[in-house]
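*Asks:* Below, each chain spelled out in residue letters.
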Amino acid sequence: MSSEGSVEGAADPGGDGKTHSLNVCVAAGCLSSGSEKVKVALEDAVKSHGLEHECKVKGVGCLGLCSKGPLVSVEKENVVYQDVEPGDAAEIVESLGKEAVTRLKCDMESPFFTRQTKIVLENCGIIDPERIEDYLAADGYEALSKALTQLTPHDVVDQISKSGLRGRGGAGYPTGLKWSTIAKSVPDSTGRKFVICNADEGDPGAFMDRSVLESDPFRVLEGMAIAGYATGASQGYIYVRAEYPLAVKRLRTAIRQAEKSGYLGANILDTTFSFRIDIRLGAGAFVCGEETALIASIEGKRGTPRPRPPYPAEHGLWGAPTLINNVETYANVPAIIRHGGEWFASRGTEKSKGTKVFALAGRVRNTGLIEVPIGITLREVVFDIGGGVPDGKKFKAVQTGGPSGGCIPAEHLDMPVDYETLSRVGSMMGSGGMIVADETSCMVDVAKFFMEFCMSESCGKCIPCRVGTAQMYDLLCKITSGQASMQDLDLLIELCDMVKSTSLCGLGQSAPNPVLSTLRYFRSEYEEHILNKRCPAGVCKMSNEVVHNG
Amino acid sequence: MKAERPSDDKRWRLVDATMRRHGHEPNCLIEALHTVQESFGYLEKDALRYVALSLRVPLSKVYGVATFYHFFSMKPQGKHTCVVCMGTACYIKGAQNLLDSVRSRMVVEPGDTTSDGQLSLLTARCVGSCGLAPAVVIDNKVLGNVTESRLSETLGRSVEHEL
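Here the protein sequences line up with chains A and B, keeping their order.
Quick note on this note's numbering: the first sequence kicks off at 1 and runs consecutively.
Quick note on this note's numbering: the second sequence kicks off at 551 and runs consecutively.
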């Protein structure tokens, strides 16, 4: 496993004998920084220098450091160029095989590259996500072939259990246990079981799943097929956000290519195992990340959750036993089957194994996609990998877990990032969004931001969530406009407790978390708004007028 | 009984193709609505009625689904769209100010279209370009690290010069 960035140790993925390969990041981040034009300019430069037979230009998935895009990596040479413009193309092409262009070089010795451990992202930035040949050259489908020809379904579940992999969607349920439950479940009357991939990445501030789907879609398909084999399902669905058109397009291409090459469809690799995957588009409802709501949505209904039990493992899609895992969970599976569960379990902490992909964003120097061993400290992530807070500002908090998570203050920067520790300090692992806030952010305003989110995303089925989030939002508005009293704060805390303990699904149960965690660590900011009608960060606009009248 | 197409518009064929691909099963309702929106830009009432009849789903259910999901729009969009991402990373980096500036400059509220039909202003929960926050999507093109001046310049270029 290369830990020195994404280029070292790459095979010749195209297998076409060209000496050089310029890999241009064409994931969403770099695309919006103009990488498509850079790619065209590089292709032109290769032609005009007569190097068509020695050098190829390839579009690849996420190279990680989105803030410095467009990024171009020179394969096998451990060189990544940042902020590349079309005008730089000739210089880059001329430097091939010689000294790299110093003024464009990323510092590959910087912690951003050296501190990462890549399992899920091992192919990101190396393979062309629209060519199955590239994936195959990078040991793709080796795991599926091993599972089908050397392992029984029971062995596969066993390896996943041994690996200690836990659900990467946020809650951290042991994946092996989930798989074994569905493997043991009796299929419905027509003999069906289903495998679903939850790619409805609705957390604002999270883009890990999108990057994986855009950079290495075959990996997710392979993980799902292995899951199908292990659990006895022959049909899979990927529920993906319609807001991610590029990911949807690459998935469609990947499914078509996998079917053509015999890695999906009937009698995969000439065995008796058959597995199909269909795409279902989400339509912008955060609650559909909840498994029973997601199932309702695939069935073509409004995405409202239902009480559990029965769990989807017994009674899921169309009443059949259904396995639901997140994109990143499936993306871990091929590596586990290839190297064995123990190999995976040797990374991470005692209770949280392996690595976690985070989307690092907000007030931090290096924003982008990172993969780190679980158990790394927050300080290492924010200050070493992330490069700290820019513009000489002071660090205030890290927000993890999106609207269901919380804000972690500076005093906890040295704690390890794992499922248990994060929930102990009032946040959660979540799907992997990590947003850094500095002194210019008002924590009450951040809490209000998330409450507004939960309020409008509440599906309206249960009253605590539907009404409670609206009441809490009103109270937060009162506080941030300087019109609240200390009684309002008490009421807010009471409502938090009520909504948390009586809501039907995870959305409502976790909606109070941002308020509770900011109250726990930044209570003085709340009090400052209430008692002195002042926003310490200068974000909230106080309406003094109303206070005088009222 | 086969439902009758609301008009001769060729785009209905695309909608039919989606429903046919799923055997006109009621569970392809969301897929069908996606195709309607993709082809027509929004979900008009006739379209909802047509899909309801074709899939044998009560119109009330179709309406329920169409209004439940944020991605579906029941109003026609302007010639251009400007989507301000309001995800956490963008919010922390000042997306609210960007939204306010478009609002006052173009005289349009989020979710609405300018009176001349030129520009629809929308907000997004998160467009997933957090590494480039704050992000704005103008006519399906993502702009990263947006500042107020850059946004107004881009809007000026793509929208106003056509007036």
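Take these hints with a grain of salt, some might be off.
[What the hints assert, rightly or not] For each label pair, taking beta carbons as the anchor points, the in silico distance ranges come out as:
{"#": "1", "chain 1": "A", "residue 1": "95", "chain 2": "B", "residue 2": "558", "range": "26 to 36 Å"}
{"#": "2", "chain 1": "A", "residue 1": "34", "chain 2": "B", "residue 2": "646", "range": "21 to 31 Å"}
{"#": "3", "chain 1": "A", "residue 1": "309", "chain 2": "B", "residue 2": "627", "range": "42 to 52 Å"}
{"#": "4", "chain 1": "B", "residue 1": "659", "chain 2": "A", "residue 2": "470", "range": "19 to 29 Å"}
{"#": "5", "chain 1": "B", "residue 1": "558", "chain 2": "A", "residue 2": "279", "range": "49 to 59 Å"}
{"#": "6", "chain 1": "B", "residue 1": "706", "chain 2": "A", "residue 2": "146", "range": "50 to 60 Å"}
Because the hints were derived from the structure by calculation, they are not lab data.
Even glycine gets a Cβ: it sits at the ideal position worked out from N, Cα and C.
*Asks:* Does the Cβ distance between residue 34 (chain A) and residue 646 (chain B) fall inside 21 to 31 Å?
*Replies:* holds (26 Å)
*Asks:* Note whether the CB distance of residue 309 (chain A) and residue 627 (chain B) lies within 42 to 52 Å or breaks it.
*Replies:* holds (43 Å)
*Asks:* Mind checking the hinted window 19 to 29 Å against the Cβ distance between residue 659 (chain B) and residue 470 (chain A)?
*Replies:* holds (21 Å)
*Asks:* Take a look at whether the Cβ-Cβ distance between residue 95 (chain A) and residue 558 (chain B) falls inside 26 to 36 Å.
*Replies:* violated (59 Å)
*Asks:* Does the Cβ pair residue 558 (chain B), residue 279 (chain A) satisfy 49 to 59 Å?
*Replies:* With a Cβ separation near 31 Å, residue 558 (chain B) and residue 279 (chain A) fall outside 49 to 59 Å, so the hint is violated.
*Asks:* Using the Cβ atoms, figure out if residue 706 (chain B) sits within 50 to 60 Å of residue 146 (chain A).
*Replies:* holds (58 Å)
In summary, the structure is inconsistent with hints 1 and 5 from the numbered list given earlier, while agreeing with the others.
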